[in-house]
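2 protein chains.
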Amino acid sequence: MSLPISIRNLINHFSSLPGLGQKTSERLVFYLLKQDKNFLASFAENLLRIKDNVKNCALCGSLTEQNLCSICNDSRRDHLAICVVAELSDIQSLEKSREFNGVYHVLNGYLSPTEGINPENLRIKELLERINNNRIKEIILALNPTIEGETTVLYLTKLLKRYNIKITKLARGLPQGSDLEYADEVTLANAMKGRTQV
Amino acid sequence: MSLPISIRNLINHFSSLPGLGQKTSERLVFYLLKQDKNFLASFAENLLRIKDNVKNCALCGSLTEQNLCSICNDSRRDHLAICVVAELSDIQSLEKSREFNGVYHVLNGYLSPTEGINPENLRIKELLERINNNRIKEIILALNPTIEGETTVLYLTKLLKRYNIKITKLARGLPQGSDLEYADEVTLANAMKGRTQV
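Top line first, the protein sequences correspond to chains A and B. Note that full-length UniProt numbering has the first sequence beginning at 1, numbered continuously upward. Note that full-length UniProt numbering has the second sequence beginning at 1, numbered continuously upward.
You may find that some hints are simply not true.
The list cannot tell twin chains apart, which means a pair is met if one copy fits it or any two copies do.
With a straight-line cut-off of 35 Å between C-alpha atoms, the simulated DSBU-like cross-links for lysine-lysine are [as the list claims (entries may be wrong)]:
1) K51 / K193
2) K34 / K23
3) K137 / K161
4) K37 / K166
Note that these hints are calculated values from the structure, not bench results.
My request is simple: use the sequences and hints to build the entire structure.
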């Protein structure tokens, strides 16, 4: 059956999103066909609006509808501890852990010379400005434990050495609920290296 | 971080779709934020248009922008063999198998007395009309091998008995690429019962 063009187009839009295949996209569109027009209209409106009302926070670079985001605007947060993340979505993940009460700084990516992503493509200048303008106590490098992540950690550590700031990175070790038997060697080595007294 | 309201709304729209959780929906919306406005606009437009231009085929009940769908309109198909399916999306799946050259009939669901879905809620009257108006040779009941599916097969078989038509249902057996060791008893019993000569 060749589906009507508007439906095929919508399936293509869904399947262009990361992690959604052809079959899942078809299922989603067939589900949407059963919804009422109001639902589709408000879905469409929100798709259009996410870019209209949203800008980047003038300090950390995350998303906001004002000048500063809700975290940078919050006086109960510790503005002298900056957690550096690569992507906007990392803030979401870290906030859910409820372990950090400082503020964030979004780099907008990882250093990757092979892909042509150099320091000037990331929000590093903005980070240095924040450090120069405030008496920052700690910079936490919350970057992925990958080659790009480690490269970025190395670069930033060298760059920040001249400031008298504590620089930390997220602990490496066994993930909660995992099994020693299935852990890879690097994870195990990191877990051993970083062992803590009980 | 409390995200801007338009973004939270869009995440909620995605996570209301079947199979998309909160985390996946967040990832999709963060991906969409990186796309240009044209992409979002055409995505939104197609969301609005799927209901505008699309109606149900006057014969089989599947989707079309004309009066008849592309299959019911196709003179190369065998219009005397009707494959009865529960959902629109089942037509897609069966067409991909390229094994059937007849036409379809969408019931719009399964009989389920416990959920209040009775024969009059399904497109059964329309099926009988098609049978009365044409000399149909075969009705293939392509329904899920579930309790609802079997209930619907039983009901339709009884109902169609008074017509002199061959009534068939899809074969039960081992799925391609599967392993005897992991097949459940019912599947194995069906595979044994339906064994074919080689």
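How the hints compare with the structure:
1. K51 / K193: neither (45 Å within a copy, 59 Å between copies)
2. K34 / K23: both (17 Å within a copy, 24 Å between copies)
3. K137 / K161: within (13 Å within a copy, 83 Å between copies)
4. K37 / K166: neither (55 Å within a copy, 41 Å between copies)
Going through the hint list in order, the structure does not satisfy hints 1, 4.
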